[in-house]
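**Q** Based on these hints, arrange chain B on the given structure of chain A.
Taken in order, these protein sequences are the chains called A and B. Going by UniProt numbering, the first sequence opens with residue 1, and the numbers climb by one from there. Going by UniProt numbering, the second sequence opens with residue 1, and the numbers climb by one from there.
FYI, nobody ran anything at the bench for these hints, they're computed from the structure. Please read all numbers here as calculations on a predicted model, not as lab measurements. All the given hints hold, so there is nothing to weed out.
A pair holds if it fits inside one copy or across any two, identical chains being indistinguishable in the list.
Lysine to any residue pairs mimicking SDA-like chemistry, simulated, CA-CA at most 20 Å apart:
| no. | residue 1 | residue 2 |
| --- | --- | --- |
| 1 | K268 | G518 |
| 2 | K268 | H519 |
| 3 | K224 | H519 |
| 4 | K224 | G518 |
| 5 | K299 | F218 |
| 6 | K368 | E302 |
| 7 | K306 | S358 |
| 8 | K487 | R497 |
| 9 | K299 | S358 |
2 protein chains.
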Amino acid sequence: MSRSGSHSHRVRRWCLIAAVVAVWVQQVEGVWPLPQQLHQSADRDCLSPQRFSFTYGRDSAAQTGCSVLDAAFKRYFSIIFPDFTTLSENVLQYMWSEPQPFVVSVSVKTRGCDGYPDEDSDESYMLSVSEGQAVLRSVSVWGALRGLESLMLVINSSTEIVDFPRFAFRGLLLDTSRHYLPLYAILKTLDAMAYSKLNVFHWHIVDDPSFPYQSRTFPDLSNKGAFHPFTHIYTQSDVIRVIEHARMRGIRVVPEFDSPGHTQSWGKGQPGLLTPCYKGSVPSGSFGPVDPTVDTTYKFMESLLKEVKFVFPDSYVHLGGDEVSFACWQSNPNVRKFMEKMGFGKDFTKLESFYMESIMNMTAALNKTSIVWQDVFDYHERPRSKYVVEVWKQGCYLCKMRRVTKAGLKVILAAPFYLDLPIPTHSWARYYNVRPLAFRGTDEQKKLVIGGEVAMWGEYVDATNLSPRLWPRACAAAERLWSNEEKTLNADLAFPRLKEFRCELLRRGIQAEPLFVGHCRHEYDGL
Amino acid sequence: MSRSGSHSHRVRRWCLIAAVVAVWVQQVEGVWPLPQQLHQSADRDCLSPQRFSFTYGRDSAAQTGCSVLDAAFKRYFSIIFPDFTTLSENVLQYMWSEPQPFVVSVSVKTRGCDGYPDEDSDESYMLSVSEGQAVLRSVSVWGALRGLESLMLVINSSTEIVDFPRFAFRGLLLDTSRHYLPLYAILKTLDAMAYSKLNVFHWHIVDDPSFPYQSRTFPDLSNKGAFHPFTHIYTQSDVIRVIEHARMRGIRVVPEFDSPGHTQSWGKGQPGLLTPCYKGSVPSGSFGPVDPTVDTTYKFMESLLKEVKFVFPDSYVHLGGDEVSFACWQSNPNVRKFMEKMGFGKDFTKLESFYMESIMNMTAALNKTSIVWQDVFDYHERPRSKYVVEVWKQGCYLCKMRRVTKAGLKVILAAPFYLDLPIPTHSWARYYNVRPLAFRGTDEQKKLVIGGEVAMWGEYVDATNLSPRLWPRACAAAERLWSNEEKTLNADLAFPRLKEFRCELLRRGIQAEPLFVGHCRHEYDGL
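For reference, chain A alone in the conformation it holds in the complex:
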C-alpha cells in the first residue's frame, strides 16, 4: 500500500470517529449571511486540534496582544473543537496519529484593537481557505471578526470569499423595562448577534414599567423605579460588562433613554420631572410625560445625558420621542400658559418638538449623534439639526424613508422587522420581501439609509422566551441587511440554508426554535 493510500485511510478513519464523537464542526451548506462573493470547491481533510493554530500575518498591524482578536481566537477554537477539552488523550492520539497542520493567518491593515466599533467601521474582509491553511485579510479588526465568523462555516472546504456588509447599521433592540432581562440573557443575545453579523445592540433600557439602569448621578431612579432596587437593575459594572462583551464581538451598544413619553418609571425617583395631570382645576394625582416647561427638567436631562456620554462609548444615543400622549399636557394649566407664551397655539406637537430639539442640542454639545423615533420627524419635517430617524410605524414605511432622506437625514428601518409578537414562526420569510431602498429618490438619498433593526419589545417577552422568539427569525433580517439584495430575494432558497444555520446556532448553545418539521444532530436539551 502506498504512503498516500495509507494516509488517506487514516484520515478517513479519523473522520469516521469524529462523526461519532461529534468533535467536528457541523457541515453547513453555506455561509449565513450570504457573502457578497463566494466560491467553494471540494471538501478538504479533517482538522486536528493539536496541529491547528491561529496566527497574525507578518504584515498585520495587529499582533499578539490585540485584545479583540486574541479573545476571538480563543472563542473560535472552542467552536471548531467543542469537545477538545473533554476528550481523553488516548482518543485524541488515536484520532490524529498523523495530524495535518492547519494555520489560520489573520492580517489587518489598521490596529485599533482597543477601540470600539462605530458607524464608519470597515467590516469588509477577504478569506481564502485551502489545503492546510486559511488566509484572512481585512482593513480593521471588526472585519477580521466577520471573516472568522464565516471561516467557521467553510473551514472544511476550499473557499474564496470577498465580503462586506450592505448596510453599516444592522441592529437588534432589546427592551429591558417591560420585563427585566438578566445579564446572562443579554450576553447570550450578543453572542448570537455576532454569529449573524448583526452589529448594533440598541438597548431600550428604560421605559414606563421600570427603570433598571442604576445611575450614578441619580441613584433614586432605579432605587424607586426598578422592579426591585437590588435584583432587577443593571449596575455600572453590569453595563460595562455588556459593552465589553459587545466590543469583543464588534457590536456597538446604543442606549436609549426614551423621553418625554414612556417615562412613568422615571417619575418615581425624580419628583417634579413629570407633568402633573389635572382633572378640572385640581391635580388628579397621576402624571404624564416629562414636563417640558420647567428649567429643572432640562438641568436633569443634561446631567443624565452627561452620564450617558461617560458610560456609553458609542457616538449614538437614542433619545426616543415616540408615542407622546398630549392629554396630560393639555390638562395642565402651567403647560397651557407656557404654550401661549411660546406662541404654540394649541399645537402640542410644537411643544414636543421644542423639548426634543432642546435635548438633541444638548446631545450634540456632548459630541453625540441623536437617534429618535420617526414621530419627532413626523411632527416637524424641516429639521434644524442633524439627527438619525428610526422608522417604526407600519403602513408605507418606504414613503417615510423617502421623506426623511429628502430632508437630508439619515434613516434606520425598523418597521418591517418587528419580531416580538408571536406571529407564525415562518414569518421570517416576510423579511425577504423587505427592500429598504425601493423608494423613489436620488443616490444621495439612498446613501442616507444606513441600515435596519429588528425590534424585540418586551410586553410578552422575558428570559423565558427571548431566545426562541429571536432566533432564527432575526437571522433572516441579518442576512437581508448584510448580503446582496438581488442574491437573497428568495425565502424558499434561503430556507434550507437557514435550517442548517439554526442547527449550528443550537450546537453553539443558542436556543433557536425550529422552522419546521425536522431535527438537528445536536438538539437543545435545556441543561
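**A** For chain B alone, kept in the frame of chain A given last:
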C-alpha cells in the same frame, strides 16, 4: 417586653431575612387550579426547615415505605425550602433561633402506593392548614398528591380546602415525531403538569416524520424510521423512566400509535406495511397509509399492540385514525379489488372503518380501551364496539360532543385547547370561554364527557421553545378542567392569579413565559 412580644419580634426578623435570602415559598394569592371550596384567613408564622416534617397519619393506609408519597415528601420539602441545602449552618441558626414546629400529616384511605393512576382514580382531598400543622386527607395516594400540590400554595395561611376534579381526564399531548424531544424535556413537562394538576400524558410518540420509539419486537422501526437510530430514539428504559416519573406524580401515560395514516416513518423499517401508490398501472415508488387489505398488516399490528400493552400499563391506548388520505388507496388495484370483494363500493371511509374496527378489536382482546380521533366516529356513527372519541376538529365541537355521547361513547375534548401555534400569548384567556358540557343532552350524555386535553403538535416546536409555549397557557386549560366552571368563567379574574402562579412555576425551574408586562422575584436566567 413581654415574652410573646419578644417572640413576635424574632419571627418578624427571620421573615425579613427570609425575604432577602429567598428561602421562603412565594406568597401566592390563591391556589391554581382553583379548589372547589376554599377558605383562607390571616397569615401564620414562618416555617423552619429544622422543625418541619411530613408524617403519615396514624389511621392512614399508606405509611413510610409508600413509594409515591415518600418521593412526594422529598420533592415538596425542596419546593418549600429551595435554598435549604445551600445556606450555611450559621445563617440557619440565626434565622430560627426559636423555631416553631410544623407538621404535615397525610392520611389516605386506600394504600395503592405501587399502582398506577387510572380513569377511576379518586383524586379528591381535604386539606386543613392551621397553627403548627396541616392535615391532609384523601381516599387515594393520587388525591394526596393533589392536596400536597395545593398545600404548597397555602402553607403560610390558615386554610380549609375541600377539593376534587371536575373531569377525570385532564390531558396534555406532546408530539415526539415531528421533532424529537429529549427525555429531559418530557420529564420537565411532567413536573409542570403535576403543578397544574393535569393527569394524563398523551404521548403522540410516532408519526410520519420519525419513529423514535425503540420497539423490542420490531427494532428496525426506529433503526430506520427515527431521525437517528441512536441519539433520536426512546429506548425501553427511557420509556420506563417516563412512565415512572409520571406515576410518581399521579399522571397516566397514554401512548398513541396513530394508524393507518401518519405512518410514513413506519414504512422504512417494516417493508410491505404501507400501501404502494400507483401512477396509472405501475407503482409510483411512493407509499400511502397502512395497507388494510393484507393479512401481514394485521399480524404486525397485533404484535405491536401486544408489545404496547406490555410496556405501557395504562388501560387506554390511542390508535389515531385521523386524516387518512384515500388517494393512494384509490390508485392501488389490489385495494380496489378488495373494496369490491368486501362490497364497499367506492366508499373508502368503509375501508378505514374496517381497518380501525379490526385493530380496536385486537385492543379490546388485550383488555385495553381504545381512544381514536373523531374521524373514526365521523365515518361510522353507529359504533359496533365501545371506544373513546377525541374531538379535535375546529367548528362546532359541541355538536360533535352531542352526537358522540348520544351514540353512547365517551368523549375527550381537544379542539379548543390546541396551543402549538403561536397565537398571541394571552390567548390562554380563550380557554375561559370553553364549556365542554354546554350542549343539549341528557345527564347520562354529560357523564360521558370524561375530560379535555391540550395539544402541543410538533411542526414548529422542539425543546428550544416547548416550555414557554406550553406554560402558563396550559395552566388555564388545567384550571377549566379541574375547577368549578361557574367559579372560573372570568379570564380577567383569573389573570392576577395566573400571573402569580406563573412566577411560582419560574421559581420551580419551569420556563413559563410572561402573560404581560411585569416581573417575578425569581426570574428565569437560563442557567
